[in-house]
Structure formats: C-alpha cells, structure tokens
Amino acid sequence: MPLRRHSGIFSTILPPFFAKPYNLVRYQLCENGINSFENIPNLLEEFTPRMALPSLLYPKHNVIETIMKHHPIIGAFLCTLAALFFTLLYACYKISNAYIPSSLTVFFQSLFSLIIVLPIACKNGVKNLYSPMFPYIAIRTIAGLITLVCISTALLTINLANVIVLNNTAPLFIPFISWIGLKEKISHKIWFPLIVGFIGIIIILRPEFTEINIGLLFALISGLTSALLVVVASKIAHEKLSKIMFYYFLITCFILSPFLFTQWHSPPYMIWLYLALSGIAMILAQAFLTLGLRYASSQEAGSFLYMSVLFSGILDWIFWKTIPSTISLIGWLVVCLGGILTVILSPKKTAKP
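Under my numbering, the first residue of the sequence shown carries the number 1, and numbering increases by one thereafter.
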C-alpha cells in the first residue's frame with residue numbers, strides 16, 4: 001500500500017490537529033525511501049535503543065540526531081505517539097491484572113512482542129543474533145523486567161496516572177546513577193530541577209500526609225530501574241533495536257516461565273485480546289520513540305514523552321472514573337516540571353568520531 005497513493009484517505013479521516021503532522025511524517029518517510037506500509041517493519045533493522053531522555057545518558061553515542069534533518073514538529077508528533085502507546089501498554093496491564101497475576105501479564109505481553117520481533121530479528125539468519133555486548137543486553141533486560149513487573153504490580157493498587165508520573169521520574173535518578181556507576185559529575189545546572197522533581201515525589205507519596213501506599217513505592221522503584229536501564233543502554237547504543245528487543249523478550253519469557261506452572265489460571269477470552277494489544281503497543285511505542293529521535297533532539301523528545309501523564313489522566317477518567325485530588329495534581333505538575341527542566345538543562349554531549 002503506497003504511502004503517497006493512500007495519504008488522502010488518512011488526511012480526510014484524521015482531525016485537523018493531527019492531519020498536518022501526519023502529512024509531514026508521511027512526506028519525510030517517502031523522502032527517505034520508505035514508500036509503502038510493507039517497508040515500515042524494516043525500520044527496526046536500523047533502530048537503536050536510545051530513549052528520549054537527557055543527552056547526558058549517552059555521552060559516547062549521541063549520533064542519532066544527525067541521521068536525518070532536524071525537524072522538531074515531526075519529532076514531537078512521533079514522540080507523542082510513543083507516549084500514547086506506552087500509556088496504552090500500561091492501561092492493558094491494569095485491565096489484565098484484574099484477571100491474572102502481574103507476572104503472567106508481563107510474560108504474555110513479552111511473548112506476543114517476541115512473536116512480532118522474531119521474524120525481523122532473524123531475517124538475515126540466526127547467526128546475526130550474536131552480539132559481543134550480550135552481558136550489557138542481559139543487564140538491560142533484567143532492569144527492564146523489574147521495571148515492568150513493578151509497574152504491573154503498582155497498577156493493582158493505584159491509578160494509572162500516578163504510576164506513569166512516578167515512572168517518569170527516571171530523569172531525576174539518572175544523574176546519580178551515572179555519577180555512581182560511570183563516575184560522571186552532576187552538572188550544577190540541573191541541581192535545581194532535581195530538587196524540584198524530588199519535592200514533587202514527596203507530595204505524591206504522602207498526599208494529605210497519610211500512610212504511603214505500597215503501590216506508590218513500586219511505581220517509584222520502576223522509575224529508578226528505568227534510569228538504570230537507560231544508563232546501561234548507553235553502552236549498547238550502536239546495537240540494532242531488533243536484536244536487543246529479541247533478547248529482551250526472550251529472556252523475559254524465560255525468567256517468568258516458571259510462573260506459568262505456579263500461578264496459571266485461564267483468563268477470559270477478552271483478556272487475551274488485551275494481552276496481544278499490550279505486545280503490539282510495546283513494539284509501536286519503541287518504534288515511534290526511536291523514529292522520533294531521528295527528527296528531534298533528545299531534549300525535545302524527552303519533554304514530549306511527558307504527554308503520557310496527560311493521556312493516563314484521560315484514560316483514568318474515562319475507564320476507571322478516577323479524578324485526582326488537588327494535592328495529587330500539584331505533585332504531578334511539580335514532578336513533570338522537574339523532569340522536563342532536567343531534560344532541557346542537561347549538558348549536551350556529542351559523540352566522538
């Protein structure tokens with residue numbers, strides 16, 4: 001299905017707010033040789049595992065921004081789509097967790113994602129799956145697995161928006177992890193936004209100064225492990241995303257497979273649909289995020305990822321009839337402000353040739 005031929009169909013059904021960014025994205029894809037929908041999966045062969053967080057996370061591999069022409073409108077649109085699909089992923093988690101244990105939710109999401117990634121990763125043969133960076137891939141996988149399990153567990157007791165806000169505290173932890181693990185100094189420019197962000201965390205953890213919900217702590221741990229994941233990912237920034245995703249989903253399925261025997265019970269048929277959708281959402285979120293980084297700087301893209309807070313609040317209101325308290329809203333705003341300022345003020349580092 002050629003993108004140029006069918007562009008008019010999508011332009012007519014999309015709202016005006018999305019039609020112009022869509023046409024810009026379609027034009028740029030065509031200009032870069034991606035002229036049909038069938039070619040889009042091949043993008044995974046070129047993807048790298050960078051996430052839209054401060055450029056200080058990738059001190060030696062900050063090269064992706066030079067691959068394509070800088071176009072912040074397209075980058076913002078793609079990263080907003082990534083935030084939307086990350087939010088939909090966690091929403092599927094929340095729905096599935098009402099019927100099956102969180103460990104099985106993550107297992108089946110990873111299994112469906114693995115089924116999608118497998119033919120792409122193995123397109124050029126099994127021998128191409130070898131990677132000398134496998135130890136770092138394994139560490140990244142474990143950090144990612146802990147992140148997803150913490151998120152899935154947190155969703156059992158708290159609303160979607162709180163989970164996503166606390167998971168988005170990763171930029172606040174990354175400077176400290178880089179300082180401890182990589183011996184990188186923390187720039188004086190980001191101390192103020194870091195303090196602002198942690199004040200927001202305190203507000204969220206202790207609304208009305210009542211007892212702390214264990215779900216909030218799990219969500220905060222997911223932010224910490226997300227930061228560790230990204231710092232480790234900086235070591236494998238030149239590896240293909242399809243290969244990293246293959247090992248990520250494969251190892252996750254292997255580690256969680258014993259829970260099939262200890263916690264298994266058959267979920268309703270509709271839950272299988274949500275589990276499959278979660279697998280698709282994970283792939284699309286990673287794809288849009290990586291493609292967005294080709295058109296926007298990591299600072300710009302990182303800021304737009306905070307749109308997931310807005311999306312989660314809307315989903316909470318529509319599906320779970322949850323309206324946040326005033327103190328929670330203040331906490332969200334303060335955390336997002338601290339995170340965005342940390343992203344923007346982080347010193348830009350360039351790759352060595």
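It is worth saying that the hints were derived from the structure and are not from the lab.
Mixed in with the good hints there might be a few duds.
As the list claims (entries may be wrong) - Derived Cβ-Cβ restraints for the label pairs, each shown as a range:
#1 212 with 260: 24 to 34 Å
#2 156 with 199: 44 to 54 Å
#3 176 with 217: 32 to 42 Å
#4 238 with 206: 37 to 47 Å
Said to hold, decoys possible - Lysine-lysine pairs mimicking DSS-like chemistry, simulated, CA-CA at most 25 Å apart:
#5 240 with 123
#6 185 with 321
#7 183 with 235
#8 123 with 189
#9 235 with 185
All C-beta atoms in this analysis are idealised placements derived from N, C-alpha and C, irrespective of residue type, glycine included.
| Checking against the hints above, which ones are violated? | Hints 2, 3, 6, 8 are the ones this structure does not satisfy, whereas the remaining hints hold.
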